[in-house]
Amino acid sequence: MSVKILLPGPLTTVQDGGRYGRQSAGIPPAGAMDQEAWETGNYLVGNEQGEAGLEFTLFGGSTQFTEDTVFALTGADMCPRLDGQRVAMNVPHLAPGGSVLHMDMAREGCRTYLAAAGGITVPAVMGSRSTYIKCSMGGYKGRALKAGDILEVGADQKNFEEVKDRKVQQRMFPREIVLRVVEGPQALYFTDKGKKTFYHSAYTISGESDRMGYRLSGGAVESKNGTDIISDPIPLGAVQVPAEGQPIVLLADRQTTGGYAKIAVVCSFDIPRIAQGRPGDLVRFLPVSIEEAQDMLRRYRKELAIMMKK
Amino acid sequence: MRCVPAGDCAILAEFPQEISTQTNDRVHGLARKISGRQIPGVTELVPAFCSLMIYYQPQVVSYGELKKRIEELEEGEGETAQRKKRILKIPCCYGARFGCDLADMEQYMNLTRDEIISIHSSVDYKIYMLGFLPGFVYLGGLDKRLEIPRLKIPRIKIQPGAVGIGGNQTGVYPLASPGGWRLLGGTPVDFYNPDREEPILCRAGEYIRFIPITIDDYYDIRRMIQKGSYVVEAEEQEGERLCQ
Numbered sequence: 001m002s003v004k005i006l007l008p009g010p011l012t013t014v015q016d017g018g019r020y021g022r023q024s025a026g027i028p029p030a031g032a033m034d035q036e037a038w039e040t041g042n043y044l045v046g047n048e049q050g051e052a053g054l055e056f057t058l059f060g061g062s063t064q065f066t067e068d069t070v071f072a073l074t075g076a077d078m079c080p081r082l083d084g085q086r087v088a089m090n091v092p093h094l095a096p097g098g099s100v101l102h103m104d105m106a107r108e109g110c111r112t113y114l115a116a117a118g119g120i121t122v123p124a125v126m127g128s129r130s131t132y133i134k135c136s137m138g139g140y141k142g143r144a145l146k147a148g149d150i151l152e153v154g155a156d157q158k159n160f161e162e163v164k165d166r167k168v169q170q171r172m173f174p175r176e177i178v179l180r181v182v183e184g185p186q187a188l189y190f191t192d193k194g195k196k197t198f199y200h201s202a203y204t205i206s207g208e209s210d211r212m213g214y215r216l217s218g219g220a221v222e223s224k225n226g227t228d229i230i231s232d233p234i235p236l237g238a239v240q241v242p243a244e245g246q247p248i249v250l251l252a253d254r255q256t257t258g259g260y261a262k263i264a265v266v267c268s269f270d271i272p273r274i275a276q277g278r279p280g281d282l283v284r285f286l287p288v289s290i291e292e293a294q295d296m297l298r299r300y301r302k303e304l305a306i307m308m309k310k
Numbered sequence: 001m002r003c004v005p006a007g008d009c010a011i012l013a014e015f016p017q018e019i020s021t022q023t024n025d026r027v028h029g030l031a032r033k034i035s036g037r038q039i040p041g042v043t044e045l046v047p048a049f050c051s052l053m054i055y056y057q058p059q060v061v062s063y064g065e066l067k068k069r070i071e072e073l074e075e076g077e078g079e080t081a082q083r084k085k086r087i088l089k090i091p092c093c094y095g096a097r098f099g100c101d102l103a104d105m106e107q108y109m110n111l112t113r114d115e116i117i118s119i120h121s122s123v124d125y126k127i128y129m130l131g132f133l134p135g136f137v138y139l140g141g142l143d144k145r146l147e148i149p150r151l152k153i154p155r156i157k158i159q160p161g162a163v164g165i166g167g168n169q170t171g172v173y174p175l176a177s178p179g180g181w182r183l184l185g186g187t188p189v190d191f192y193n194p195d196r197e198e199p200i201l202c203r204a205g206e207y208i209r210f211i212p213i214t215i216d217d218y219y220d221i222r223r224m225i226q227k228g229s230y231v232v233e234a235e236e237q238e239g240e241r242l243c244q
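Chains A and B supply the protein sequences, listed in that same order.
186 is the number that the UniProt record's numbering gives to position 186 of the first sequence; each next residue is one higher, with no gaps.
92 is the number that the UniProt record's numbering gives to position 92 of the second sequence; each next residue is one higher, with no gaps.
Worth flagging that the hints you see were computed from the coordinates, not collected in a lab.
Some clues are possibly wrong.
Claimed, not checked - Here are the computed lysine-lysine pairs in the DSSO-like style, where the Cα-Cα straight-line distance is at most 30 Å:
| hint | chain 1 | residue 1 | chain 2 | residue 2 |
| --- | --- | --- | --- | --- |
| 1 | A | 141 | B | 227 |
| 2 | B | 84 | B | 144 |
| 3 | A | 4 | A | 167 |
| 4 | B | 152 | A | 224 |
| 5 | B | 85 | B | 33 |
| 6 | B | 68 | B | 89 |
| 7 | B | 84 | B | 152 |
| 8 | A | 224 | B | 89 |
| 9 | A | 141 | B | 68 |
| 10 | B | 67 | A | 302 |
| 11 | A | 134 | B | 157 |
| 12 | A | 195 | A | 224 |
| 13 | A | 196 | B | 67 |
| 14 | A | 193 | A | 302 |
| 15 | A | 195 | B | 68 |
| 16 | A | 134 | B | 68 |
| 17 | A | 302 | B | 68 |
| 18 | B | 157 | A | 146 |
| 19 | B | 227 | B | 89 |
| 20 | A | 195 | B | 89 |
| 21 | B | 152 | A | 134 |
| 22 | B | 68 | B | 33 |
| 23 | B | 227 | B | 144 |
| 24 | A | 302 | A | 167 |
| 25 | A | 309 | A | 196 |
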């Protein structure tokens, strides 16, 4: 079984939960930018092992299923059509062999995930199938997909009957995103005025944003004596501030260590929201305490578990 | 040492903010203590120069609980046994087509080429941390006489295996990458090779010693690596003093 890329979007890659466990060797985690959409997609098609799927960015293009395949689409709605027929987001479908899935521009949001029952079975590299393009690592030949690429799908196909009643909620993709953050390890590097600017500004997601990080433009965050630090590890969602004061939110393809002060770190449960942001969208930061953040995370995981009937 | 949150799923243990063997030994000492305890919920440890990131699952262990555990471990007894000092011997072809900045270095450092090579290859460099790129080692111990500023305009593409100096640091580019370090040689050994059973050559806490080789040796070793018959020589020395 396989899927064939007929028309790739600008950036379509194989992604899974990420290449964790090797950050101490300088290996960036990569993985699906919107882990929630990736995870719920796997649920919809009956995948239980963190199988890899496809991540489409802004535009989906055309993909063909060579044989009967159970699949689901989650994340941004790109008006998917299967052989010309509109198909719903967030529910499983059975694609007949030879059928073609076509997707346009995302109406809102930025990334769409295709989960196929059995998963995309490119070889795992250091425990993950995620693509890290910068080092040509993992995924399909370490790169974004091109027309003509054929990706094997695992043989472990669930019977469509078993999953056909599954569904998950369509998320909202507001043009103004509020991100809950915990104060960062180097918050002390910034003046009170700088922190006030950071927490009271609406920042615009710049066009120079990618899977590594989102560059924001807006009120410059004032530091006391510059923002260079002795390089330390960078967690997912770290908000770095280089000397000129414009924040950068570091995401899936971030380097493992870096030398700029981190004023805050985006809570894990809000990473899927920033990952769906697109250039021009607004971002605001809302500070929460570490205890509040961990309570919110517990509630978030519980709601997801209920939605996925676990 | 102080522990601070780094988001809802990580704690940063910070030591005095300095690049020194002593502080870095404390970082690795704490990392060994934590991994020795196999604390439930802890998923990954990332040591840096003077800090240790502890990634964890808050569903299993809360920030408050884990912070307390880490603080207790840091204050508690360290290892009593002396650890062996493991030195990886990295063949390096100085100059030739690899060391395009060697002539500039002679001028800047006011040393001869042979002196530069002899100084650079006489030190056991400690691997403080890895980061920046897969397999990129941050090394301590560069002789002051070899310090040289980075290039004003970084090169767009540096070949894997290039050995360079930037400021007070020396190191090896593990894969093709842009970079601003001055290049003095090249190693045939892959610091990162995704097709190797263990893709990353070195670990933080080990040492590296550069062994000067000729260009012919370089290609011989390259051929052996491609055939899979080359093993990097490692020497273990007794008695690395632990500073904790």
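Evaluation of the provided hints:
Taking the CA atoms of residue 141 of chain A and residue 227 of chain B, the gap is about 23 Å. The hint holds against a cut of 30 Å. Restraint check for residue 84 of chain B and residue 144 of chain B: the C-alpha separation of about 27 Å stays at or below 30 Å, so the hint holds. For a cut-off of 30 Å, the pair hint linking residue 4 of chain A to residue 167 of chain A stands: about 26 Å separates their Cα positions. For the given pair, residue 152 of chain B sits about 27 Å from residue 224 of chain A by alpha-carbon distance, which is consistent with the 30 Å threshold.
For the hint linking residue 85 of chain B to residue 33 of chain B, the alpha-carbon distance of about 18 Å falls within 30 Å, and the restraint holds. Restraint check: the Cα-Cα separation between residue 68 of chain B and residue 89 of chain B comes to about 40 Å, which exceeds 30 Å; the hinted pair is violated. In summary, the hint linking residue 84 of chain B to residue 152 of chain B is not supported, as the alpha carbons are separated by about 40 Å, beyond the 30 Å threshold. The suggested pairing of residue 224 of chain A with residue 89 of chain B is violated, with an alpha-carbon distance near 44 Å, which exceeds 30 Å.
At most 30 Å may separate the alpha-carbon atoms for a hinted pair to count; residue 141 of chain A and residue 68 of chain B exceed this at roughly 44 Å. Distance hint between residue 67 of chain B and residue 302 of chain A is fulfilled; the C-alpha atoms sit about 24 Å from each other, no more than 30 Å. With a C-alpha separation of about 13 Å, the suggested pairing of residue 134 of chain A with residue 157 of chain B holds against the 30 Å cut-off. A C-alpha spacing of about 11 Å is found between residue 195 of chain A and residue 224 of chain A, which places the hinted pair at or below 30 Å, so the restraint holds.
Between residue 196 of chain A and residue 67 of chain B, the direct Cα distance comes to roughly 28 Å. Compliance with the 30 Å bound is thereby established for this hinted pair. With a C-alpha separation of about 38 Å, the suggested pairing of residue 193 of chain A with residue 302 of chain A is violated against the 30 Å cut-off. This hinted pair checks out: residue 195 of chain A and residue 68 of chain B have alpha carbons roughly 28 Å apart, not beyond 30 Å. A hinted pair counts as satisfied when its Cα atoms are at most 30 Å apart, and residue 134 of chain A with residue 68 of chain B does not qualify at roughly 38 Å.
A hinted pair counts as satisfied when its Cα atoms are at most 30 Å apart, and residue 302 of chain A with residue 68 of chain B qualifies at roughly 26 Å. Between the alpha carbons of residue 157 of chain B and residue 146 of chain A the distance comes to roughly 25 Å, so the proposed pair stays at or under 30 Å and holds. As the CA atoms of residue 227 of chain B and residue 89 of chain B are separated by approximately 20 Å, the hinted pair is consistent with the 30 Å bound. Distance hint between residue 195 of chain A and residue 89 of chain B is unfulfilled; the C-alpha atoms sit about 48 Å from each other, more than 30 Å.
Between the alpha carbons of residue 152 of chain B and residue 134 of chain A the distance comes to roughly 24 Å, so the proposed pair stays at or under 30 Å and holds. The hinted pair formed by residue 68 of chain B and residue 33 of chain B meets the criterion: a straight-line CA distance of about 14 Å does not exceed 30 Å. As the CA atoms of residue 227 of chain B and residue 144 of chain B are separated by approximately 39 Å, the hinted pair breaks the 30 Å bound. Distance restraint check for residue 302 of chain A and residue 167 of chain A: the Cα-Cα separation of roughly 17 Å lies within the 30 Å cut-off, and the hinted pair is therefore satisfied.
With a C-alpha separation of about 42 Å, the suggested pair residue 309 of chain A and residue 196 of chain A falls outside the 30 Å cut-off, and the hint is violated.
The earlier numbered hints that this structure contradicts are 6, 7, 8, 9, 14, 16, 20, 23, 25.
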